[in-house]
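Chemist: Start from the sequences, fold in the hints, and give me the full structure.
2 protein chains.
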Amino acid sequence: MSLNSTAKQSLEDALFVKGLRSTKQREIIYEAVLNSEDHPSADLIYSRVKEDMPGISLATVYNCLETLTDCGLIRQVNFERQPSRFCLATAQSAHHAHAHCKNTGKVFDVVLPAQFFDELNKYLPADFQLEKVDLCLSGKQSLSQKN
Amino acid sequence: MSLNSTAKQSLEDALFVKGLRSTKQREIIYEAVLNSEDHPSADLIYSRVKEDMPGISLATVYNCLETLTDCGLIRQVNFERQPSRFCLATAQSAHHAHAHCKNTGKVFDVVLPAQFFDELNKYLPADFQLEKVDLCLSGKQSLSQKN
DNA sequence: AATTGTAATTAGAATGATTCCAATTAAAAA
DNA sequence: TTTTTAATTGGAATCATTCTAATTACAATT
Ligand SMILES: [Mn+2]
Ligand SMILES: [Mn+2]
Ligand SMILES: [Zn+2]
Ligand SMILES: [Zn+2]
Chain D
1 MSLNSTAKQS LEDALFVKGL RSTKQREIIY EAVLNSEDHP SADLIYSRVK EDMPGISLAT
61 VYNCLETLTD CGLIRQVNFE RQPSRFCLAT AQSAHHAHAH CKNTGKVFDV VLPAQFFDEL
121 NKYLPADFQL EKVDLCLSGK QSLSQKN
Chain B
1 MSLNSTAKQS LEDALFVKGL RSTKQREIIY EAVLNSEDHP SADLIYSRVK EDMPGISLAT
61 VYNCLETLTD CGLIRQVNFE RQPSRFCLAT AQSAHHAHAH CKNTGKVFDV VLPAQFFDEL
121 NKYLPADFQL EKVDLCLSGK QSLSQKN
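The listed protein sequences derive, respectively, from chains D and B.
With the working numbering, letter number 40 in the first sequence gets 40, and the count goes up by one each step, no holes.
With the working numbering, letter number 27 in the second sequence gets 27, and the count goes up by one each step, no holes.
Incorrect hints may appear among the rest.
Since the list gives no way to pick one copy over another, a pair counts as held whenever it fits inside one copy or between any two copies.
What the hints assert, rightly or not - Derived DSS-like pairs (lysine-lysine); straight-line CA-CA distance at most 25 Å:
no.: 1; residue 1: K106; residue 2: K122
no.: 2; residue 1: K140; residue 2: K18
no.: 3; residue 1: K102; residue 2: K18
no.: 4; residue 1: K50; residue 2: K106
no.: 5; residue 1: K132; residue 2: K106
Because the hints were derived from the structure by calculation, they are not lab data.
Modeler: Right, dumping it as structure tokens:
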């Protein structure tokens, strides 16, 4: 498996904007996040990516994840003090919330109307420039579900 | 300064519900959070509390903060991977959001209508039992403000 | 009050995700 | 090419938090 040309182009573009180079490592890590539905941690991404690129280092995984986050290509998701997880930051789901199930340990996306996030400005001080919204939900879903 | 009798009673009640004892350390740490507007970290609470109780240990501060959180008396607030901060969990502001200013480093409460949080259930899977909502905002406010 | 059993506190060691560092390698520019 | 600069690498360091084993405080019982 490998990055399709559209995804590859948006990676290169986003890196170029920041004056950064597109490298094999950045590509393969972007691809790993792109193909993951499960919001993997850096460690998990490391183990997945090592299959295709055995020489990659954990430090590089952390470096690339930070770079991709700073470029707005992926999102870093934090629950309490657990290891950070990552997911794709696409245009349509740019600001989705995250739900964490305490039964299964799984994290999934919760797509909310943009209006929901816009509304927040009404409750903030006028001089506060809102840059980022992190909405993390936690709870339990029936153990007998298949997803 | 010391805990007023109403606050002291709610501390004792909340601890009793969980079969826990009210101790000098738990009281003084609850008081420290109660009297803090600034969402202090465990370390900061430790240094404040040491003035009145020089022998207290950092481990106890962590223990008590966890106990008070589990009793629903205080809230643990996490921004990215920074050290956890704590604030009072009062009935009226039970679910307030938190805003972090990247200029000043300060964290402040953002009170939102309960309806805002209730709304979330509409976008969650039917079998998901929502237990906790963490809404963390970040951005910048003018440096020339006084609060 | 003294004894007993249990819970809480304490100091210090351990943990572990992440970051830092100095050396090497890869990529782009000249 | 040669040169310059950016990125990667392995391993050490960081540091908020958790763990552990010993001590102390508390409360129930004799
Ligand atoms: Mn960053
Ligand atoms: Mn807990
Ligand atoms: Zn996501
Ligand atoms: Zn608060």
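Chemist: How would you label the pair K106, K122 (within, between, both, or neither) given a Cα cut-off of 25 Å?
Modeler: between (33 Å within a copy, 20 Å between copies)
Chemist: With 25 Å as the alpha-carbon cut-off, assign the pair K132 and K106 to within, between, both or neither.
Modeler: Close inside one copy (23 Å) and across copies (15 Å); limit 25 Å.
Chemist: Are the CA atoms of K50 and K106 at most 25 Å apart within a copy, between copies, both, or neither?
Modeler: within (23 Å within a copy, 40 Å between copies)
Chemist: Tell me, please, which holds for K102 and K18 at an alpha-carbon limit of 25 Å: within, between, both or neither?
Modeler: between (38 Å within a copy, 21 Å between copies)
Chemist: How would you classify K140 and K18 at a CA-CA limit of 25 Å: within, between, both, or neither?
Modeler: between (40 Å within a copy, 22 Å between copies)
Violated hints: none; the structure is consistent with every hint.
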